[in-house]
Amino acid sequence: MRLINSVVVFPLVLVLGAVAHAQQITAWVIDGDSERPFFTQLEPAFNAAFKSKGMSVKVVPVPNINDALQSGFLSGKLPDVIMLDGPNMANYVWSGQLTPIDSYLDKTLLDDLLPAIKDQGTYGPDGKMYSVSPYDSTVLLWGDKKYLKEAGVRIPTSLEDAWSISEFEDALAKLSKVKGVTWPLDMKLNYGGEWFSYGFSPFLQACGADLINRKTWKASGTLDSPAAVSALTRLQSWYKKGWIVPASAGDNRFYGDKTAALVWVGNWMWRTHKEGLKDDLVLIPAPKFCGNKQVSPNGGWSWAIPKASKNKEAAGAFINFAMSTEQVAKYADTTGYVPSRRSALSLSKLYGKGGEGELMAEQSAKIALVRPVHPAYPVISKSFGDALQNILNGADVKTELQQAAQKIDQDIQNNKGYPPFNK
Amino acid sequence: MKLLRLLLALVLTVIVLGPVSMMFTLSLNPDEQDILVSMGSLRSFIPEVFSLQNYREILSDPFESITRYFLNTLIVVVGIVGTGILVNSAAAFVLAWGQGDYRKWYLAVIIAIFVIPFESLTLPLLLIVGRLGWIDSYQAQIVPFIASSFSIFLFYQFFSKLPKELIEAARIDGASPFQIYFRIALPLSTPIIATVAILGFLDTWNSYLWPLMVTRGTEFRPLGVAMAAYFGTKQAYWGNIMAFAVLMSLPVALVFLAFQRWFVASVVGSSVKG
Amino acid sequence: MRQINEYLGELVLILPASVLLAVFTVLPFFMAGYLSLTDIRLIPRPIPTEFVGLQNYREVLSSPEFWQAFRNTFVFALLVVPFQCAISLGMALLLNSSLPLRSFFRSVAMLPLLTPITVTVVIWAVLYRIPDGFMNHLIKALGYSGNYIDWLGSPFWALPAIVLLSAWATFPFQMLIYLAGLQEIPQERYEAARIDGANGGQQFRYITFPGLLNTNIFVLIITTIQAFKLFTQVNILTHGGPNGATQTLVRYMVEEGYTAQRIGYASAVGVLFVILVGGLAVAQRLLLKNE
Chain A
0 MRLINSVVVF
10 PLVLVLGAVA
20 HAQQITAWVI
30 DGDSERPFFT
40 QLEPAFNAAF
50 KSKGMSVKVV
60 PVPNINDALQ
70 SGFLSGKLPD
80 VIMLDGPNMA
90 NYVWSGQLTP
100 IDSYLDKTLL
110 DDLLPAIKDQ
120 GTYGPDGKMY
130 SVSPYDSTVL
140 LWGDKKYLKE
150 AGVRIPTSLE
160 DAWSISEFED
170 ALAKLSKVKG
180 VTWPLDMKLN
190 YGGEWFSYGF
200 SPFLQACGAD
210 LINRKTWKAS
220 GTLDSPAAVS
230 ALTRLQSWYK
240 KGWIVPASAG
250 DNRFYGDKTA
260 ALVWVGNWMW
270 RTHKEGLKDD
280 LVLIPAPKFC
290 GNKQVSPNGG
300 WSWAIPKASK
310 NKEAAGAFIN
320 FAMSTEQVAK
330 YADTTGYVPS
340 RRSALSLSKL
350 YGKGGEGELM
360 AEQSAKIALV
370 RPVHPAYPVI
380 SKSFGDALQN
390 ILNGADVKTE
400 LQQAAQKIDQ
410 DIQNNKGYPP
420 FNK
Chain B
0 MKLLRLLLAL
10 VLTVIVLGPV
20 SMMFTLSLNP
30 DEQDILVSMG
40 SLRSFIPEVF
50 SLQNYREILS
60 DPFESITRYF
70 LNTLIVVVGI
80 VGTGILVNSA
90 AAFVLAWGQG
100 DYRKWYLAVI
110 IAIFVIPFES
120 LTLPLLLIVG
130 RLGWIDSYQA
140 QIVPFIASSF
150 SIFLFYQFFS
160 KLPKELIEAA
170 RIDGASPFQI
180 YFRIALPLST
190 PIIATVAILG
200 FLDTWNSYLW
210 PLMVTRGTEF
220 RPLGVAMAAY
230 FGTKQAYWGN
240 IMAFAVLMSL
250 PVALVFLAFQ
260 RWFVASVVGS
270 SVKG
Chain C
0 MRQINEYLGE
10 LVLILPASVL
20 LAVFTVLPFF
30 MAGYLSLTDI
40 RLIPRPIPTE
50 FVGLQNYREV
60 LSSPEFWQAF
70 RNTFVFALLV
80 VPFQCAISLG
90 MALLLNSSLP
100 LRSFFRSVAM
110 LPLLTPITVT
120 VVIWAVLYRI
130 PDGFMNHLIK
140 ALGYSGNYID
150 WLGSPFWALP
160 AIVLLSAWAT
170 FPFQMLIYLA
180 GLQEIPQERY
190 EAARIDGANG
200 GQQFRYITFP
210 GLLNTNIFVL
220 IITTIQAFKL
230 FTQVNILTHG
240 GPNGATQTLV
250 RYMVEEGYTA
260 QRIGYASAVG
270 VLFVILVGGL
280 AVAQRLLLKN
290 E
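Protein chains in written order, with numbering that gives the first Met the number 0: chain A, 0 to 422; chain B, 0 to 273; chain C, 0 to 290.
It cannot be assumed that every hint is accurate.
Label-pair ranges, simulated between beta-carbon atoms [as the list claims (entries may be wrong)]:
1) B:253 to A:415: 53 to 59 Å
2) C:139 to B:231: 27 to 33 Å
3) A:114 to C:33: 45 to 51 Å
Since the hints were derived computationally from the structure, they do not count as laboratory data. The beta carbon of each residue, even a glycine, is placed where N, CA and C say it ideally should be.
Next comes chain A alone, as it looks inside the complex (with noise of 0.2 Å):
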């Protein structure tokens, strides 16, 4: 089929390139199950739009498009627009990667954006923007509602009544006892790479620690302090009484089978869900992990425009028409995502008032903190990664946490500072 694809359409591309001096360009976005509706109809709403300019795009789902983009900044072959994971921005801008986008985007677009959605997209040093996300995430708990009303236990309902921490952890207990349920919560350990930096921060930033410290940008003395040992002891002492469900269980434990009751992840999770659980489906806000706090993550995969683009202008406006308020809002109802645009909001079936997701949305507003823009934060990712995991199976905390933190602070070291992050 995708040869086929390449075999015909690819020759004609190029003669009617060459007759029509129309201007192609391709984008590469992600590959997931739950974008995939999303982009098959941007294709051709763009072409349609775009016809008259003589302007046409192609958009290329990519799977593993991180390591997709390491072989492109490698072998200097990119597209004119890719999508890019939000916290990785900074590392690619100061690798000279990318373009700035602020000059190709229309101002009403830039006001209408969250504010999150801008930090996350905007680089330290240059105060321009370099990506820009058609929506912004949340993370929060997904609760079997037969199991929970079997258990017993308090179901909240909006972000001020939140579980406490303490609230959390009996709720648990008793959900564990419940017939039925293997596990009470299912962390998605199974997924692999950013989730774990994304995912499980917030509960060291609901307790005052972070993954480093956002002004001396360094890790030892943050990462590795009191209050994240404490906040990360308490959640392997859950997983120690088997109380989370285990890496090698595989995704579908809340969903499918339903042998766990509660789950901790994100938007991106909505469609399934619903589809799977139907009416038992509850949205829990994010619990308070420490006193009074909570913390949600946010961010996620944004547009941008590779340096080595040749096609910047026609890249720009494609970039503008998919971050329009329509393209945004059906963004939002086909993934289950946050628009990143108010003006999306009142659009959008899931998110406008009264819908079902209004939840996902009070957090992004109120709870939201994005992840450390800075160009060492694969390593930060990576090494709080593999810390929480080994802890979950074990490990010693502090000595994980100290190491981790190590780690960071060697590799921005070793990269002098990541100029000018050292002034």
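With chain A's structure known, arrange chains B and C on it following the hints.
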């Protein structure tokens, strides 16, 4: 005694056949729910339903083109094995029957190269291939593997055993080295060509680490990497995964059936002589 | 003139292989050595790459992760080599003896060799599934009283689980070599022994085993080298986890050099790996030459 041996052989058969027949059984079961339920019981080893549904599904998946992966792997295998046979045998012929004294040194270098584990070369090789602009291409998967010290050595051993008179006679008749190689030595070396071809085929069909590094999209992805990626993303669809696994294993089984005699001989020959 | 033509003719024949080997094997080999002395990254950085001397080696040798990978690789080899060689030898003896349907059994025993390694890994992932995979059913049938064993998810069981699957995946290779070795032992020796009244055990001890000496050395060493290169199985099944319990040298190198892009550091790991494996290969040559 004989009975005991037969019994042992039967146990061996069960252990070897079990996982393989499970692969077939699950691939023929279109009901994913039922697969999950039966997993681990005897029912997952002996097929009850014979449905090609899973095969149809994976073959028609517009996002994961298995035919494309097959074609990619095939191109790489043919590229490596085809050119490799010519390039390596030509060099080996000179080493066996050439005139220069450098040959002794050359041979020593070939043997030394043979000792280097490929894994340790992957990172510098990645830089080279990146510099050449070959990331995500067939070249990256073919060109570095055409010349093989191992194949050269096998050919060298074979050519050295050719009768001296044969070569000398051709030389006296005024044949050039190329003519002697191409008209006399190469046509005689079918057995060793078969060995090298079969080993090359097995190696390439099994390759994983290098293509994982140099292919990113699905365009040039070979079967091994595709299988692993498929396994990583489709864990809820065991039937489809197993259908993929069956399709990937089939060509090897066919090559085995077609060249059974050569097959065993080459595996053994490769090692004992090496 | 003729002489020169001959040399030219030879040159043309040997040149393609030489160039390819030089560029894609010899060059990377020396590059690995050189790169290990620098702080080069996979993707160029805006700060200059520097020569750092032995810094990478110091860092590697003081890294607990490197030593863990090193230890795991050794433990894996220690477990898999005797296990796999014993099975292979046993099978070879069995399939070399008079046995009804012998050629059928021989073909069946070849099956794992015909199964691509990625496929084998996926099949075994199903066998090891929790809580209801075949292996968990098996241990319960054998009297295990717990809920289930998380084969690939427990730091204790993960490596043995990989050992079992690896032995299954590749034993036919060693078996074939043993079969060939067995067939090279002259039949007369057995006949003579039988006349002298030696029983089966004695025949094995005094004829078969000494007759397989070279084969044994060879099989042991290639199996060990193969074990040291462990990557595919752990990369797909466990990603080196849990707690790094299945991290191997090759995977550590790939992770540092490719994922984390620290080519310089990873090259130092690579050089150490060459020394290790190369040393074994040289040992093999020496041992076999002496015979």
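Would you list, in rising numerical order, the hints stated earlier that this structure does not obey? none
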